[in-house]
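Chains as they are written, first to last, in the UniProt record's numbering: chain U, 1 to 971; chain H, 1 to 971.
Certain hints may be false.
Copies of the same chain are indistinguishable here, so a pair counts whether it falls within one copy or spans any two.
Stated by the list, open to error - Taking lysine-lysine and the DSS-like style, the derived pairs with C-alpha atoms no more than 25 angstroms apart in a straight line are:
1. Lys307 with Lys724
2. Lys314 with Lys846
3. Lys623 with Lys839
4. Lys375 with Lys192
5. Lys307 with Lys145
6. Lys216 with Lys196
7. Lys634 with Lys839
8. Lys624 with Lys216
9. Lys768 with Lys468
10. Lys839 with Lys624
11. Lys721 with Lys216
12. Lys721 with Lys137
13. Lys315 with Lys846
14. Lys721 with Lys502
15. Lys315 with Lys672
16. Lys137 with Lys314
17. Lys196 with Lys880
18. Lys900 with Lys375
19. Lys375 with Lys145
20. Lys307 with Lys846
21. Lys626 with Lys196
It should be emphasised that the hints constitute simulated quantities derived from the structure, not laboratory data.
There are 2 protein chains.
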Amino acid sequence: IDRNAVKLNDKFSHLLIQLILSPAAERLRYILGEDDDMPNPTLFTEMDTLQQDGDELEWKESARWVKFEEKVEDGGERWSKPHVSTLSLHSLFELRTCLQTGTVVLDLEGYSLPQIVDEIIERQIDEGMLSPDLREKISFVLLRKHRHQTKKPIHRSLADMGKASGGGARHAHSRSMNDIADTLSTDQLRNKFMKKIPRDAEASNVLVGEVDFLDKPFVAFVRLAQATTLGGLTEVPVPTRFLFILLGPTGKAKSYNQIGRAIATLMVDDLFSDVAYKARDREDLIAGIDEFLDEVIVLPPGEWDPKIRIEPPKKVPTADKRKSVYSLNELGQPNGTAGGSGGHAEDEEMPVAHELGEELAHTGRFCGGLFLDIKRKLPWFPSDFYEGFHIQSISAVLFIYLGCITNAITFGGLLGDATDNYQGVMESFLGTALSGTVFCMFSGQPLIILSSTGPILIFEKLLFEFSKNNGIDYMELRLWIGIHSCIQCFLLVATDASYIIKYMTRFTEEGFSSLISFIFISDAIKKMVSHTQYYPINTDFKPDYVTLGCQSVSALMSTPYGIVMPNMAKLNITDLDWSQLSKKECVKYGGSLVGNTCKYVPDLALMSFILFFGTYSMTVSLKKFKFSRYFPTKLRKLISDFSIFMAIMTFVGLDRLIGLKTPKLIVPTEFKPTRPDRGWIVLPFGKNPWWVYLASFVPALLVTILIFMDQQISAVIVNRKENKLRKGCGYHLDLFWVGVLMAVCSFLGLPWYVAATVISIAHIDSLKMESESSAPGEQPQFLGVREQRLTGILVFVLTGVSIFLAPILQFIPMPVLYGVFLYMGVASLSGIQFWERIKLYMMPSKYQPDFPFLRHVPLRRVHLFTLVQIICLTVLWVLKSTVLAILFPVMILGLLVVRKMLDMVFSQHDLAWIDDILPGKDKKDKKKKGDKDDTKKKDKKKGRADDSKDKVRNVKIYCHQLADLEQKKPC
Amino acid sequence: IDRNAVKLNDKFSHLLIQLILSPAAERLRYILGEDDDMPNPTLFTEMDTLQQDGDELEWKESARWVKFEEKVEDGGERWSKPHVSTLSLHSLFELRTCLQTGTVVLDLEGYSLPQIVDEIIERQIDEGMLSPDLREKISFVLLRKHRHQTKKPIHRSLADMGKASGGGARHAHSRSMNDIADTLSTDQLRNKFMKKIPRDAEASNVLVGEVDFLDKPFVAFVRLAQATTLGGLTEVPVPTRFLFILLGPTGKAKSYNQIGRAIATLMVDDLFSDVAYKARDREDLIAGIDEFLDEVIVLPPGEWDPKIRIEPPKKVPTADKRKSVYSLNELGQPNGTAGGSGGHAEDEEMPVAHELGEELAHTGRFCGGLFLDIKRKLPWFPSDFYEGFHIQSISAVLFIYLGCITNAITFGGLLGDATDNYQGVMESFLGTALSGTVFCMFSGQPLIILSSTGPILIFEKLLFEFSKNNGIDYMELRLWIGIHSCIQCFLLVATDASYIIKYMTRFTEEGFSSLISFIFISDAIKKMVSHTQYYPINTDFKPDYVTLGCQSVSALMSTPYGIVMPNMAKLNITDLDWSQLSKKECVKYGGSLVGNTCKYVPDLALMSFILFFGTYSMTVSLKKFKFSRYFPTKLRKLISDFSIFMAIMTFVGLDRLIGLKTPKLIVPTEFKPTRPDRGWIVLPFGKNPWWVYLASFVPALLVTILIFMDQQISAVIVNRKENKLRKGCGYHLDLFWVGVLMAVCSFLGLPWYVAATVISIAHIDSLKMESESSAPGEQPQFLGVREQRLTGILVFVLTGVSIFLAPILQFIPMPVLYGVFLYMGVASLSGIQFWERIKLYMMPSKYQPDFPFLRHVPLRRVHLFTLVQIICLTVLWVLKSTVLAILFPVMILGLLVVRKMLDMVFSQHDLAWIDDILPGKDKKDKKKKGDKDDTKKKDKKKGRADDSKDKVRNVKIYCHQLADLEQKKPC
């Protein structure tokens, strides 16, 4: 209906449009609608052209298609890169004519090429299209040998290189020649290209060529009843199903080639191949072409050079989406759909409303959520282990392990300072290992990595000071807070309280994770700066004054001019040679240090900087290496996966090579509490008055809120839809285990642990899976994350046994680990939309990437939204640097309130694009849309494109990330 | 003829093809062939759609075209990025129908929109296509206001941002509303988009919309006799020439939009706009569409998502090239032209044969070449000065100046060592300044930078040793060699000997320049390593033993245990406090240094490394910044141009900040010869026996060859076609001045100078010009190099007055300058095909960039060719490290021989693609091709596409360079 829109007064054109569009769609709807149960096999298409090689005629492979076209570069004797087949309209029209006039044989029972050829020729003679005396000639030509462009192993090519030094011999080198009489040659069987073709594939062969004995074209389109291997016809051992033959008079080779490319392109088209498999007669095929023509995308010749080979796009429309064209009667509109009154909202669907999935549904039953979580996770439990066996896991374990022990040492040191060594590095290691292992083993989301976090540290610090000042026993008080907090967690679990996380949108989520990333980055840099202050650079050093360095002198002897006083000389010079004492000895014997180099340590500061920055930038470069052109994909992926490990090894090596005494990683080597006067078990009673046991309920409440927010926001970030997790998550189960571990750690006097956002994101990043690209030219798709418990468990077991790994770990300089920290912080920022939006401030609008939200929301609104986020984060950052940091989790709740207020400033349309719509609002919107939505939903359920929308969104986001890394334009 | 290739038996299709192709081409050949003198104005096309805004109807701008399409993002209230218009075939057919059925008015004498509208409506009523009672309604609709999408200045947008906080008000903010009655509104006049439209442009307006009172479409195509400003119709003050109106019944807005986009795309098509300007009637227009359809590029729907906005290509086919379609009857074949028997060579032309241009023609007359050079360069002489006034020149001068003085100091130091200070840093500065200034002022190619080079240095060294050992006066001998060499140069000039440079192909040229680049890089690194050795790192340093540093002790006192011996104590302790002496004093008084830190200098080595590597990598990053998305183009270009300066400033600043005593640049501050016993003039006679004057002819010969090769190869590299120099060059003139300067420098006892490849390339790189992109989406083109004498002269004048700049220059650490050296070396490697081919070794063939030669030459042959080059360079490198280095220029001649031998190993076809064909061979090939070539040449001369082939080649090479920098895929 839409198509006949404009009244076409002109007869001819009317006829044309009518012919091309309406009956074709009608026909196709009929044949394709029949049954959709058995999908057709994938088609591999090979096009061979007739060539004169010396005296002999032969068929030479000139192009092939799995999904995209690969051409044989004639001079280069190699395959071109896969590219989108650009056709001329002319050749498509000529092909249409060919199919209208030539022989079309459907469901031929053929078992060999000669038999098939005979059959075709007979039919043409019968129909009077071919004179009988040409029978032999055509048959002869069609049964010539086929020469394929096959890839030789490199050693054979090299051997060739030596031999083939004679300039002229440019043929017959890297090709295999198959007689069509053979069944399957070794070259065919050995062909590595087979890997790129699906197992069930069938072949379609296109043969075009010019011969001198014909005066009009000989055209045949054959579909075999059964796919049959026709000897050496195809380069790979794939049975042939379709055969297109075009022989014509000489002089038109180019034109025939174009027609051949046109039919080959059609054969690999998802819809046309469907038509080809199901066509009942010639008219169905023509209808297929017409439908193809209708969907075709046209580039104006003045704006595009036809010589440019178009690289395959990141994403092509699925057959399902295209098929809906027939059923829904909607035209797939080309990109530029310019405005249109009221119609503009339709060309791109609104983003999906904010939904966190069934995991956060409020059951209303006691422990309802927890039981659901267990029910959901239990079936995956075995696979959580065996799916961990993959090389990628090794790199993930190494990476996260290093992150964890760095964290354990850092926080251990800080906790030791804060609590007078009641909890030190030893406790930190033990606690990390214990909590981590238990959590990864039993939690709802084993990809989450537990760690000490800043707010907890500050809480412990304040608590310790409070206990000391008020004469309360710190460890016992802490134990009771832990117990209370554990009980409160259980209460939250039992009442499905994690439900409220549903109200968290991208605004809050990204704000939180950005903040944590910034803290990571600033911590890494702060540590480096403090190193520099610890090992200061002597900027006044003059090589000439090296002798005036640092000397140890007796306190009594030291005078401004360093002259030995006569009365003391006798005793000192004979008793003690001060100048030979080390710094420590000098101080011990009451001497003092004189000289201008005393307080400096040469080289260490700069070396630390080189190690720090080197590790960071090498990691970044190696990560990017995945997108370079060098080396095979697998090697590049390996390098990229192990980039952090390689960077650490390199800079540990450099450090060893230069041999400076840079500060190294020191792990405890003995299994005993840091503070000698405490044991491994904290007893609950005896040291504090009874009311303390009850009163500790109040600080416990703060701890609970703190833990709840930290844990669940991190979980939301980990469980993001972008990560495509299959196994579901378990917010309630996670919280349950965090509660249990709270209590256990309190009894053992170990630090408390919650989910660490940045390390968890790093964990996920290091476990991302991509599809091996199947058809040449198809882009690998992000498939999801290797969800399992093994890596997490290994990381924490390794952390536990780090005490025994000390001899190895002692080689790692701390600056290298801070470099890893910096990388983690920066990497977790990438791919956050908030960060992308900040970058927009600095880009002139014409250079801005084509983000979907920029097409739909005015830039100034986007900027305003970003500005609000920046202000919120700045406020949080400032607060976090004060003692108010303890209220940090409560402030995150503040973010929720700010987001709620934004509803008043921004329209729901804008928020849908920049942020997610809140669940409540969403429902209202849904009701408004009413039945229109319903019908759509039904359609969806019926089709295979069930979750395609999500997929699209995810792929887009992923693509942006990739693009960011590659510095390429987004998909 | 080609088109009617396949006999089309089916009537209908036959008719279709006939209709679309043959008569159309015929018609167009007729109207376009008429006169080609006056090119038509550029067309700016604006498409407005009818919108209901509240109660009012209005025309809203929805897209515009200068060359590519820019769409109004409805939600985003902004312009989309310029993209290639992808159309549907359907809309093109509908447009064709519209033009067949609607009103076509050509050369209407209209002065206002109401009058034009009246005229159209009258015609339609006259022809019975419109009922008269619709007259008022249509006129009313067509004369509604036009609302344009204009860009507001940022402060106004920000003001809006504050105001427009109410969610709903999404309209009427950043738009201007023009009543069509107005003449020109301020919004139109202020529109900054005008910059992107050529001055002589005319507008074509497309108006499409749906109205409820029509039951069939109202279509009109109007060409005005004179381009007329029709009030607020167009967003910019450009007079309208064409008007396309499509009003239709409601419900088909999308379809109308597509038709509107189709006509708009056609209007900006170079060929169709020509047709539109010259069309005599409706049929001509239809023929134009048909031709357009014939050239159209078709993308299969399954391989491309129509929603992807295609970025404008780097290069589009020119109208001339496309027009040749009619005259040569060749189809512009789409990219994938698969093989084809014998036809494969035609689809891409063989690369142009090796020609170095008329500059190197052998005149046969005495000084013929020299006179031609002068004749060629003289007319450009004034422009050589005034064209230098550009901001880019400042950055170029700074960059090259720093390179030159670093070179002068380095070589000065080395020459001083080699000649016992007969030529030192002072002479080096003076010589550089003198030679450079004279050469840049008078030479044939002022872009060449003169400098000391390695071979000359080695020659001087050997010469000095020889003189010393044989009792010959070095300076006098050197003077005579200089005089002889000067005379020999004059002989070479007079006989046009530079002619032989013609036999230098890419093989030799790139081999030489790669070698020089490698030397540059290795020199920079060597210098850094020697720094580290000069300031070694104390790896045994332990902070605790700081007191056991370095002490000065009297030689007599020093014992293994540092105990003062009793018999010397009296004298020494009272006379001299050894411990308070500096290193120098200690050594002076015969003391010795005791302690393990004596030989170390803290921090300097690492600091030097940081400065070196930092300068290099910051320069590289800032250079790349040009391709980032941030900040406006101009700012990015500025940053990129001044990248070296900024990097130097940054690291000089860092050095100052840290305050270490890094080695600084020290220039001589007094104007006197380095060696006190020599004057500024060397006298020719008196110190050596007479036969020395004659015998010096022999070493002079070596110097001449050395200078000739060094100078001319560098000149060839500078004069490469890729650099698109307009002003020609002058090999003979260059050599003449080098000869003169040889003699002058010999008399003054200054070093000799020849062209320095790497610095000259850097000079050219820093002066490259790019077109400001005109139409949105068009890629800036490399236009050529800012050829002038000013930058060169300034560089050398600055070098001369560096003596007075010492107070500023002393802040620059040497490692920073070595970083600049490293950058120069690496940068001069990029864009060399040899280097690209080396990279191919590491790339799996499917990732290799689409270099033209890879399409035509088998990979193993390419690899073999590269291997030969690598071996040659390795041999040269090894020889260069020995005393044979003096024969270096002769070895370059060896490269020519190797290249000649390659003719036996590689076919001429292969060499044409990888290397250039030598002039002799080329002629043979040309003769073979015979008259076919001749006709082509004639065509070429007639058309405007005269040097388009070269352009294509250059643009390709340039694109690859760009791509390399951007890490993007090549164009």
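Each hint, compared with the structure:
{"no.": "1", "hint": "Lys307 with Lys724", "verdict": "between (39 angstroms within a copy, 24 angstroms between copies)"}
{"no.": "2", "hint": "Lys314 with Lys846", "verdict": "both (22 angstroms within a copy, 17 angstroms between copies)"}
{"no.": "3", "hint": "Lys623 with Lys839", "verdict": "both (22 angstroms within a copy, 20 angstroms between copies)"}
{"no.": "4", "hint": "Lys375 with Lys192", "verdict": "neither (45 angstroms within a copy, 64 angstroms between copies)"}
{"no.": "5", "hint": "Lys307 with Lys145", "verdict": "neither (31 angstroms within a copy, 44 angstroms between copies)"}
{"no.": "6", "hint": "Lys216 with Lys196", "verdict": "neither (38 angstroms within a copy, 53 angstroms between copies)"}
{"no.": "7", "hint": "Lys634 with Lys839", "verdict": "between (33 angstroms within a copy, 19 angstroms between copies)"}
{"no.": "8", "hint": "Lys624 with Lys216", "verdict": "neither (56 angstroms within a copy, 58 angstroms between copies)"}
{"no.": "9", "hint": "Lys768 with Lys468", "verdict": "neither (48 angstroms within a copy, 72 angstroms between copies)"}
{"no.": "10", "hint": "Lys839 with Lys624", "verdict": "both (20 angstroms within a copy, 18 angstroms between copies)"}
{"no.": "11", "hint": "Lys721 with Lys216", "verdict": "neither (59 angstroms within a copy, 49 angstroms between copies)"}
{"no.": "12", "hint": "Lys721 with Lys137", "verdict": "neither (63 angstroms within a copy, 53 angstroms between copies)"}
{"no.": "13", "hint": "Lys315 with Lys846", "verdict": "both (24 angstroms within a copy, 20 angstroms between copies)"}
{"no.": "14", "hint": "Lys721 with Lys502", "verdict": "within (14 angstroms within a copy, 65 angstroms between copies)"}
{"no.": "15", "hint": "Lys315 with Lys672", "verdict": "neither (57 angstroms within a copy, 72 angstroms between copies)"}
{"no.": "16", "hint": "Lys137 with Lys314", "verdict": "neither (47 angstroms within a copy, 48 angstroms between copies)"}
{"no.": "17", "hint": "Lys196 with Lys880", "verdict": "neither (54 angstroms within a copy, 50 angstroms between copies)"}
{"no.": "18", "hint": "Lys900 with Lys375", "verdict": "neither (34 angstroms within a copy, 79 angstroms between copies)"}
{"no.": "19", "hint": "Lys375 with Lys145", "verdict": "neither (63 angstroms within a copy, 65 angstroms between copies)"}
{"no.": "20", "hint": "Lys307 with Lys846", "verdict": "between (27 angstroms within a copy, 19 angstroms between copies)"}
{"no.": "21", "hint": "Lys626 with Lys196", "verdict": "within (20 angstroms within a copy, 39 angstroms between copies)"}
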